[in-house]
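So the chains spell out like this:
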Amino acid sequence: MPLTRRQLFPAPLALALAGCGASSNKPAARGRGTADAPWRIGMSQCNLGEPWRVQMNRDLTAAAAAHPNIELIAKDAQNNSLTQRAHVEEFGQQGVDLLIISPKESAPLTRPVAQLYKAGTPVIVLDRAVQGDAYTTFIGADNRKIGEAAGKWCANILGGSGKIVELQGLMTSTPGQQRHEGFRAGLALAAHPELEVVFVADMQWLEPNARREMESALATQPQVDLVFAHNDPGAHGAYLAAKAAGREQDIRFVGVDALPHEGVAYVREGLLDATFAYPTGGAETIATAIKILKGEQVPKHIDLATKLFTRDNVDAGGEALGA
Amino acid sequence: MNLRELWDRPLARAWMAVALVGVLGCCFHADGAFFRWPTHRDMLRQVAVYGLLACGMTPVILTAGIDLAVGSIVAVSAVAAAKLIIFGGVDPVLAAGVVSLGGLALGGLSGAVIAKFRVQPFVVTLAMMVLARGLAKQLSGGQKVTAYAAGLSPTEATGLLTGLDTRLLGDQLATVTAIMIACAIFTWVLLRRTRLGRHIYAVGGNPEAARLAGVPVGWTIFWVYAYCGLCAAIAGLCQAAQETQGDPDTAMGYELDAIAMVVIGGTSLMGGRGGVGLTVLGVLTIGWLQKILSLNAVPEASRLMATGVILIGAILFQRRKHA
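Same order as they appear, the protein sequences are chains A and B.
Note that the working numbering numbers the first sequence so that position 114 is 114, with each residue one more than the last.
Note that the working numbering numbers the second sequence so that position 310 is 310, with each residue one more than the last.
Excised from the complex, chain A in its bound form (with noise of 0.2 Å):
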């Protein structure tokens, strides 16, 4: 069968590719941590379609402005974890001096990033983990213990006794299970026979979904004492729900994240009554590759603690509980 113009397209396009990787292949010069020759971070965001990554990639640049001698240089894989790995690549062809990567999933970006450290540019792994142990720190919260936290406060607000309603993110994500399981364990049922969850749902993370849900609630519960979402999106969404029902008085309404925009601003004004931070790291982050940079040990697994705002404590910053 003769080629057509469309087979032959991609092979210039790849033959051009090629060119390019080898014309850049001698690593570039590194930077020595002075406001000439500041210190060069790459980083690498697996999508910044979320708003909380996107606050992520704010507070980072926020903590690396304060600093005149590293430059960040953030990139975007938009949820594809192959441009991700390209990022990955790229980043060590252009010889930065650190890497900083928050990858999308696992497996397909521990073998580069493997590569890129062994190779002696040192890497923090934000948020997700990679497998294996080729990385020089992991920086991240545990999900598990902020659903913990929230339900040992909701257990401690309500008395040891109330009907609950919990909102679930999605359940075949790790943060979903993960904050199902702590909330559970916070809450423990066992110990408070007072204390039954009458209504559980998977919103998806999805405020729209979660008011869909919440009303559901309200319909077949005549008690609702207070609703645990796994995200403030869900608590809001189950708040405007129980407002339009004209019960939102007597429900306390929980959730996590605490983005500045989103959860902290609703506990401000009186919609939700606690929310549990699940923290970016951003400035954390700037400050161990300081660290590494200046050539300073910092330990395997860095664990963000958590926070949490209620609408005595918000105005203050918020309280920060044990990691």
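Hints listed in this document are in silico derivations from the structure and should not be mistaken for laboratory results.
A quick note: this is a predicted structure, and the numbers were derived from the prediction, not measured.
We treat Cβ as the ideally placed atom computed from N, Cα and C, and that holds for glycine.
Treat the hints with care, as some may be off.
Stated by the list, open to error - Pair ranges (Cβ atoms, derived):
{"hint": "1", "chain 1": "A", "residue 1": "L189", "chain 2": "B", "residue 2": "Q138", "range": "42 to 52 Å"}
{"hint": "2", "chain 1": "B", "residue 1": "M252", "chain 2": "A", "residue 2": "G120", "range": "36 to 46 Å"}
{"hint": "3", "chain 1": "B", "residue 1": "W37", "chain 2": "A", "residue 2": "G159", "range": "32 to 42 Å"}
{"hint": "4", "chain 1": "B", "residue 1": "G308", "chain 2": "A", "residue 2": "N69", "range": "50 to 60 Å"}
{"hint": "5", "chain 1": "A", "residue 1": "E90", "chain 2": "B", "residue 2": "G308", "range": "35 to 45 Å"}
Unchecked claim - Calculated pairs, SDA-like style, for lysine to any residue (alpha carbon to alpha carbon, straight line, at most 25 Å):
{"hint": "6", "chain 1": "A", "residue 1": "K152", "chain 2": "A", "residue 2": "R268"}
{"hint": "7", "chain 1": "A", "residue 1": "K243", "chain 2": "B", "residue 2": "D31"}
{"hint": "8", "chain 1": "A", "residue 1": "K243", "chain 2": "B", "residue 2": "D171"}
{"hint": "9", "chain 1": "A", "residue 1": "K163", "chain 2": "B", "residue 2": "E300"}
{"hint": "10", "chain 1": "A", "residue 1": "K300", "chain 2": "A", "residue 2": "L321"}
{"hint": "11", "chain 1": "A", "residue 1": "K163", "chain 2": "B", "residue 2": "P299"}
{"hint": "12", "chain 1": "A", "residue 1": "K294", "chain 2": "A", "residue 2": "G95"}
{"hint": "13", "chain 1": "A", "residue 1": "K75", "chain 2": "A", "residue 2": "A86"}
{"hint": "14", "chain 1": "B", "residue 1": "K137", "chain 2": "A", "residue 2": "I73"}
{"hint": "15", "chain 1": "A", "residue 1": "K75", "chain 2": "B", "residue 2": "M129"}
{"hint": "16", "chain 1": "A", "residue 1": "K118", "chain 2": "A", "residue 2": "G140"}
{"hint": "17", "chain 1": "B", "residue 1": "K137", "chain 2": "A", "residue 2": "L48"}
{"hint": "18", "chain 1": "B", "residue 1": "K137", "chain 2": "A", "residue 2": "N47"}
Said to hold, decoys possible - From the structure, some residues in chain B lie toward chain A, with a derived Cβ separation under 8 Å:
{"hint": "19", "residue": "A30"}
{"hint": "20", "residue": "D31"}
{"hint": "21", "residue": "A33"}
{"hint": "22", "residue": "Q46"}
{"hint": "23", "residue": "G142"}
{"hint": "24", "residue": "Q143"}
{"hint": "25", "residue": "T146"}
{"hint": "26", "residue": "D249"}
{"hint": "27", "residue": "E300"}
Following the hints, complete the assembly by docking chain B onto the known chain A.
Relative to chain A, chain B alone:
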């Protein structure tokens, strides 16, 4: 008219599907919740955005076309409305007008490319789906556009943005539902009482014959997609009002729900046969089905499987013809 003739009418079959779902609701009524009007009022609120999209989608499908961009146009409209009203201080009515024209223009652009260059609607609207989603992210900077970000309190935001998220008729009907009903009636008039409506059926039935009969095929196609874009923009306004924000990631995949509702109603994907009355019944069928599954707190996995099975059943039911 005997029973068999009645059974031959698509409208009668669509009513039967609705009735069957109704029976399902009566069997699984969740402690009587299905027998209370607020349950149905909330269901009608929840399907309003989908219903608006389905109303716009009906004329498109009647021309044997498809519009995959409506979910993205909802997002870009929600973001634009929130941006104009919250940050631009634009009068909400004026903002609604601007946003509606924007939707009309985006839909019209798809229609113009399809009509002028005779490209497959699937491909053109797929491109528009991606383009409009990008536009939504560009306008919003990747973050949800909320009153909190502008430093306004929710009460101010309620006045500005959520005027559509209210109820009419002594709290018995959501305003967004009324908008959907108005849109359905308008679409019915458009299809059944205007020249454009006759042209739409002619183009869908047999484009070549229509062209020979002097129907302006190109213009008909242009207006069909423009109208679909307009409906999507109105749906976007309703979505923003209900979420009290402009979320660039909202309405992901809504186009498929809208298409499913049109098809469940009995409008043929091959074009030329069907109508908006059928679509309304399709909207009710899916809306009630979701409500019943939600009321009974059916787990997500079973819910998806049940929805799939029931949709296939409904479509086969629609297709059934006596020998």
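Hint check:
1. L189/A - Q138/B: 42 to 52 Å: Holds - the Cβ-Cβ distance for L189/A and Q138/B, about 47 Å, lies within 42 to 52 Å.
2. M252/B - G120/A: 36 to 46 Å: holds, 41 Å
3. W37/B - G159/A: 32 to 42 Å: Given range 32 to 42 Å: holds, Cβ gap about 35 Å.
4. G308/B - N69/A: 50 to 60 Å: Given range 50 to 60 Å: holds, Cβ gap about 57 Å.
5. E90/A - G308/B: 35 to 45 Å: holds, 42 Å
6. K152/A - R268/A: Holds - the C-alpha atoms of R268/A and K152/A are around 22 Å apart, at most 25 Å.
7. K243/A - D31/B: holds, 22 Å
8. K243/A - D171/B: The given pair, whose Cα atoms are some 13 Å apart, holds under the 25 Å limit.
9. K163/A - E300/B: Answer holds: K163/A to E300/B is near 22 Å, not above 25 Å.
10. K300/A - L321/A: holds, 22 Å
11. K163/A - P299/B: Holds: K163/A and P299/B sit about 20 Å apart, inside 25 Å.
12. K294/A - G95/A: Given that 25 Å is the threshold and the Cα spacing comes to 17 Å, the pair holds.
13. K75/A - A86/A: holds, 11 Å
14. K137/B - I73/A: Satisfied, since the Cα-Cα distance of roughly 21 Å is no more than 25 Å.
15. K75/A - M129/B: holds, 24 Å
16. K118/A - G140/A: holds, 22 Å
17. K137/B - L48/A: OK: K137/B and L48/A at ~10 Å, within 25 Å.
18. K137/B - N47/A: Roughly 13 Å between the alpha carbons, so the hint for K137/B and N47/A holds.
19. A30: This hint holds: A30/B lies near chain A, its Cβ roughly 5 Å from the closest one there, short of 8 Å.
20. D31: At about 6 Å, which falls below the 8 Å cut-off, the nearest Cβ of chain A leaves the hint on D31/B intact, so it holds.
21. A33: holds, 4 Å
22. Q46: Cβ of Q46/B sits 5 Å from chain A, so the hint holds.
23. G142: holds, 5 Å
24. Q143: Given a least distance of 6 Å, the restraint on Q143/B holds.
25. T146: holds, 6 Å
26. D249: Hint holds; D249/B Cβ to chain A Cβ min 6 Å, cut 8 Å.
27. E300: Holds: closest Cβ of chain A sits about 4 Å from E300/B, inside 8 Å.
Consistency note: the structure conflicts with none of the earlier hints.
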